[in-house]
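The sequence shown begins at 1121 in our numbering and counts up one residue at a time.
Since the hints were made in silico from the structure, they are not lab data. All figures in this text were calculated on a predicted structure; none of them were measured in a lab. There could be a bad hint or two in this list.
Restricting the straight-line Cα-Cα distance to at most 16 Å, the calculated cross-link-like pairs of lysine to aspartate or glutamate (EDC-like) are [to be verified]:
(1) 1232 to 1251
(2) 1213 to 1228
(3) 1171 to 1251
(4) 1161 to 1269
(5) 1213 to 1183
(6) 1129 to 1160
(7) 1141 to 1183
(8) 1161 to 1228
(9) 1171 to 1149
(10) 1133 to 1261
(11) 1161 to 1200
(12) 1232 to 1252
(13) 1232 to 1253
(14) 1171 to 1155
(15) 1171 to 1126
(16) 1232 to 1160
(17) 1171 to 1253
(18) 1133 to 1183
(19) 1271 to 1248
(20) 1213 to 1230
(21) 1271 to 1261
(22) 1129 to 1183
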Amino acid sequence: MRSIIEKSKSIIKLNHEIGYKINQPITIELLGRLEKYMVEKFSISVPNSLKEILQISNGLNYDGVFLYGLSEKANLNLIEVNLNWHTNEDFAKFIFYADSDLYLFVQEIETKVFSFRPRDNFDEVLLETTDDELFFQIILECALEGGIEEKYCE
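Given these sequences and hints, build the entire structure.
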(Lines of atoms letter the chains of each structure in order from A and count residues from 1; the text may use other names and numbers.)
(Lines give C-alpha, C1' and ligand atoms only; values in the text may rest on other atoms or scores of the structure.)
Protein backbone atom coordinates (compact mmCIF):
# COMPACT_ATOMS: atom_id res chain seq x y z
CA MET A 1 0.00 0.00 0.00
CA ARG A 2 2.93 2.32 0.55
CA SER A 3 3.43 2.81 -3.18
CA ILE A 4 -0.25 3.67 -3.65
CA ILE A 5 -0.15 6.24 -0.86
CA GLU A 6 3.06 7.80 -2.22
CA LYS A 7 1.69 7.96 -5.77
CA SER A 8 -1.60 9.47 -4.54
CA LYS A 9 0.30 12.12 -2.60
CA SER A 10 2.44 12.85 -5.68
CA ILE A 11 -0.69 13.51 -7.74
CA ILE A 12 -2.05 15.79 -5.04
CA LYS A 13 1.24 17.69 -4.91
CA LEU A 14 1.32 18.11 -8.69
CA ASN A 15 -2.29 19.29 -8.73
CA HIS A 16 -1.54 21.75 -5.95
CA GLU A 17 1.46 23.11 -7.87
CA ILE A 18 -0.71 23.92 -10.88
CA GLY A 19 -3.39 25.52 -8.71
CA TYR A 20 -5.95 22.74 -8.99
CA LYS A 21 -8.37 22.48 -6.05
CA ILE A 22 -7.61 19.32 -4.10
CA ASN A 23 -10.47 17.11 -2.92
CA GLN A 24 -10.62 16.57 0.82
CA PRO A 25 -10.25 12.98 2.09
CA ILE A 26 -13.45 10.97 2.11
CA THR A 27 -15.41 11.11 5.34
CA ILE A 28 -16.27 7.98 7.30
CA GLU A 29 -19.93 8.67 6.50
CA LEU A 30 -19.30 8.87 2.74
CA LEU A 31 -17.07 5.81 2.81
CA GLY A 32 -19.88 3.94 4.57
CA ARG A 33 -22.31 5.15 1.90
CA LEU A 34 -19.98 3.97 -0.86
CA GLU A 35 -19.49 0.59 0.83
CA LYS A 36 -23.26 0.16 1.19
CA TYR A 37 -23.80 1.07 -2.46
CA MET A 38 -21.12 -1.34 -3.69
CA VAL A 39 -22.40 -4.27 -1.63
CA GLU A 40 -26.08 -3.66 -2.41
CA LYS A 41 -25.59 -2.94 -6.11
CA PHE A 42 -22.70 -5.27 -7.00
CA SER A 43 -22.17 -7.62 -4.01
CA ILE A 44 -18.59 -6.34 -3.89
CA SER A 45 -16.86 -4.43 -1.10
CA VAL A 46 -14.91 -1.28 -1.82
CA PRO A 47 -11.37 -2.47 -2.64
CA ASN A 48 -8.89 -1.78 0.17
CA SER A 49 -6.54 0.08 -2.15
CA LEU A 50 -9.33 2.43 -3.21
CA LYS A 51 -10.17 3.05 0.45
CA GLU A 52 -6.53 4.03 1.05
CA ILE A 53 -6.57 6.46 -1.87
CA LEU A 54 -9.89 7.98 -0.85
CA GLN A 55 -8.55 8.61 2.65
CA ILE A 56 -6.00 10.89 0.99
CA SER A 57 -8.31 12.48 -1.60
CA ASN A 58 -11.96 11.78 -2.41
CA GLY A 59 -11.33 11.20 -6.10
CA LEU A 60 -8.25 12.17 -8.08
CA ASN A 61 -7.65 13.54 -11.51
CA TYR A 62 -4.41 14.40 -13.18
CA ASP A 63 -3.20 14.48 -16.75
CA GLY A 64 -6.52 13.22 -18.11
CA VAL A 65 -6.90 10.32 -15.66
CA PHE A 66 -9.99 10.36 -13.45
CA LEU A 67 -10.07 8.04 -10.41
CA TYR A 68 -13.53 8.06 -8.87
CA GLY A 69 -14.55 8.52 -5.26
CA LEU A 70 -17.73 10.08 -3.93
CA SER A 71 -16.74 13.59 -4.84
CA GLU A 72 -19.37 16.25 -5.46
CA LYS A 73 -17.81 16.61 -8.91
CA ALA A 74 -19.90 14.36 -11.18
CA ASN A 75 -16.87 13.23 -13.22
CA LEU A 76 -15.22 11.94 -10.02
CA ASN A 77 -18.30 10.36 -8.42
CA LEU A 78 -18.20 6.56 -8.68
CA ILE A 79 -21.96 6.16 -8.25
CA GLU A 80 -22.91 8.75 -10.86
CA VAL A 81 -20.28 7.63 -13.34
CA ASN A 82 -21.40 4.00 -13.06
CA LEU A 83 -25.04 4.98 -13.51
CA ASN A 84 -24.01 6.65 -16.77
CA TRP A 85 -21.84 3.74 -17.95
CA HIS A 86 -24.54 1.21 -17.07
CA THR A 87 -27.00 2.71 -19.54
CA ASN A 88 -25.08 0.55 -22.04
CA GLU A 89 -26.03 -3.10 -21.48
CA ASP A 90 -22.51 -4.36 -22.26
CA PHE A 91 -20.98 -2.03 -19.66
CA ALA A 92 -23.49 -2.98 -16.95
CA LYS A 93 -21.41 -6.08 -16.21
CA PHE A 94 -18.57 -3.93 -14.85
CA ILE A 95 -17.76 -1.48 -12.09
CA PHE A 96 -15.91 1.51 -13.51
CA TYR A 97 -13.23 2.86 -11.16
CA ALA A 98 -11.30 5.22 -13.43
CA ASP A 99 -10.94 6.41 -17.00
CA SER A 100 -8.56 8.32 -19.20
CA ASP A 101 -8.46 9.44 -22.79
CA LEU A 102 -7.04 6.03 -23.71
CA TYR A 103 -8.24 3.54 -21.08
CA LEU A 104 -11.14 2.34 -18.98
CA PHE A 105 -10.32 0.74 -15.62
CA VAL A 106 -12.98 -1.73 -14.54
CA GLN A 107 -13.85 -4.73 -12.42
CA GLU A 108 -16.07 -7.46 -13.80
CA ILE A 109 -18.91 -7.89 -11.33
CA GLU A 110 -19.38 -11.64 -11.76
CA THR A 111 -15.72 -12.73 -11.62
CA LYS A 112 -14.43 -9.77 -9.54
CA VAL A 113 -11.42 -9.54 -11.89
CA PHE A 114 -9.93 -6.07 -12.44
CA SER A 115 -8.78 -5.03 -15.90
CA PHE A 116 -7.83 -2.10 -18.02
CA ARG A 117 -9.01 -1.82 -21.58
CA PRO A 118 -8.63 0.54 -24.52
CA ARG A 119 -11.35 3.15 -24.47
CA ASP A 120 -11.88 2.75 -28.23
CA ASN A 121 -12.04 -1.08 -28.10
CA PHE A 122 -13.56 -2.13 -24.78
CA ASP A 123 -13.65 -5.83 -25.72
CA GLU A 124 -9.85 -5.93 -25.80
CA VAL A 125 -8.40 -6.69 -22.37
CA LEU A 126 -4.91 -5.27 -21.93
CA LEU A 127 -4.34 -6.65 -18.44
CA GLU A 128 -6.39 -8.65 -15.93
CA THR A 129 -5.64 -9.13 -12.25
CA THR A 130 -7.31 -10.05 -8.99
CA ASP A 131 -4.76 -7.88 -7.14
CA ASP A 132 -6.52 -4.63 -6.27
CA GLU A 133 -3.28 -3.01 -5.13
CA LEU A 134 -1.66 -3.63 -8.53
CA PHE A 135 -4.80 -2.43 -10.31
CA PHE A 136 -4.95 0.91 -8.50
CA GLN A 137 -1.19 1.32 -8.75
CA ILE A 138 -1.52 1.05 -12.53
CA ILE A 139 -4.22 3.75 -12.54
CA LEU A 140 -2.00 6.10 -10.53
CA GLU A 141 1.01 5.33 -12.74
CA CYS A 142 -1.10 6.07 -15.80
CA ALA A 143 -1.71 9.57 -14.40
CA LEU A 144 1.86 10.17 -13.25
CA GLU A 145 3.99 8.51 -15.89
CA GLY A 146 1.93 7.04 -18.71
CA GLY A 147 3.43 4.05 -20.52
CA ILE A 148 1.33 1.50 -18.69
CA GLU A 149 0.84 -0.71 -21.75
CA GLU A 150 4.58 -0.98 -22.26
CA LYS A 151 5.15 -1.72 -18.58
CA TYR A 152 2.29 -4.12 -17.83
CA CYS A 153 1.16 -5.71 -21.08
CA GLU A 154 2.92 -8.49 -22.90
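Hint by hint, here is what the structure shows:
1. 1232 to 1251: Satisfied, since the Cα-Cα distance of roughly 10 Å is no more than 16 Å.
2. 1213 to 1228: holds (6 Å)
3. 1171 to 1251: holds (14 Å)
4. 1161 to 1269: Given that 16 Å is the threshold and the Cα spacing comes to 31 Å, the pair is violated.
5. 1213 to 1183: Violated, because 27 Å separates the two Cα atoms, which is more than 16 Å.
6. 1129 to 1160: violated (31 Å)
7. 1141 to 1183: Roughly 14 Å separates the two Cα atoms, so the pair holds.
8. 1161 to 1228: Holds, because 13 Å separates the two Cα atoms, which is no more than 16 Å.
9. 1171 to 1149: At roughly 13 Å apart (the allowed maximum being 16 Å), residue 1149 and residue 1171 satisfy the hint.
10. 1133 to 1261: The hint holds at about 15 Å.
11. 1161 to 1200: Between residue 1161 and residue 1200 the Cα gap is close to 13 Å, so the pair holds against 16 Å.
12. 1232 to 1252: holds (10 Å)
13. 1232 to 1253: With a Cα-Cα distance of about 14 Å, the restraint between residue 1232 and residue 1253 holds, given a limit of 16 Å.
14. 1171 to 1155: holds (10 Å)
15. 1171 to 1126: OK: residue 1171 and residue 1126 at ~14 Å, within 16 Å.
16. 1232 to 1160: Roughly 15 Å separates the two Cα atoms, so the pair holds.
17. 1171 to 1253: holds (11 Å)
18. 1133 to 1183: holds (13 Å)
19. 1271 to 1248: Judged against 16 Å, a Cα distance of about 14 Å means the pair holds.
20. 1213 to 1230: OK: residue 1213 and residue 1230 at ~7 Å, within 16 Å.
21. 1271 to 1261: Judged against 16 Å, a Cα distance of about 10 Å means the pair holds.
22. 1129 to 1183: holds (15 Å)
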